[in-house]
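> The UniProt record's numbering puts the sequence shown at residues 1 to 272.
The set of hints was computed from the structure by calculation and includes no laboratory data. Please note: incorrect hints may appear among the correct ones.
[Unchecked claim] Listed next, the in silico SDA-like pairs over lysine to any residue satisfying Cα-Cα at most 20 Å (straight line):
(1) K135 / K191
(2) K255 / D83
(3) K60 / G31
(4) K191 / C240
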Amino acid sequence: MVDASNLSLNTATVREQWNLEQCVEGCLRHGFGGIAPWRDKIHEIGIERAARLVSDSGLKVSGLCRGGWFTSEGKITDAVLDDNKRAVDEAVALNAECLVMVVGGIADGSKDLPHARQLVSEGLAKTLDYARSQKMPVAIEPLHPMYAADRACINTLRQALDVCDELGDGIGVAADVYHIWWDPELADQIKRAGKSRLLAYHICDWLVPTSDMLTDRGMMGDGVIDIAAIRKMVEAEGFCGLNEVEIFSANNWWKRDADEVMRTIVDRARDC
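Taking the hints into account, I'd like the entire structure generated from these sequences.
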């Protein structure tokens, strides 16, 4: 059973209701152990204020969302590398457990998926050089194959871990059940990742039917993912980080009172 102190609120879950200060206050009010800010919420108030706010709260930062987006120009640009360097600096300022990477899809006008994946490896390698110097772990988040074209051309834990093997120390994976639950290699690849490369663990649920491929994620227990089984897999490898709740829900949870959302998360985490 997961209690509230084992939970982290990914700010995307209440992005339409709360700013960062309200997210921090909500986490404290509902007993959450951590928070995972998106960079847009940080930029609304500035990194210095955001870092002070989070530090003063005593909340752990399970991850910063997000770096990446290496591929859209069909080459690695200085602008992308500079933005990823800023993301590393922001993660360090927040004392985050990791910087989560959503790597980007196929370049605009291209159909060359292998080239996109090569660009991702190149961009991660260059970003990792700086991240290592700042002692900030980088976590590749493989996204469901439906996002391969526009959001992430790394779609399985195997693919993400192959990149980790190529690049060496300081890089691992963010395992989001929404993106990986369907994978027939899931158990083997979680075991392959092991404690050292399981840097983040995200939870929500897959609804049937799903009305929107981006903004119709479910609250835990409302869909078909065996969340408890996946949690056992990651914990069997020694993962002891927070369970980060990340729910995109334009027609349901983003329209509800945010405190109701938080109470429901706590109740469902106990059950799922």
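> Regarding the pair K191 and C240, is the alpha-carbon distance no greater than 20 Å?
Given that 20 Å is the threshold and the Cα spacing comes to 15 Å, the pair holds.
> Given the hint that K60 pairs with G31, does the C-alpha gap stay at or below 20 Å?
This hinted pair holds, its Cα atoms lying about 12 Å apart.
> Is it true that the CA of K255 sits at most 20 Å from the CA of D83?
Given that 20 Å is the threshold and the Cα spacing comes to 31 Å, the pair is violated.
> Take a quick look at whether K135 and K191 sit within 20 Å of each other, Cα to Cα.
This hinted pair is violated, its Cα atoms lying about 25 Å apart.
The structure fails to meet hints 1 and 2 from the earlier list, while all remaining hints are met.
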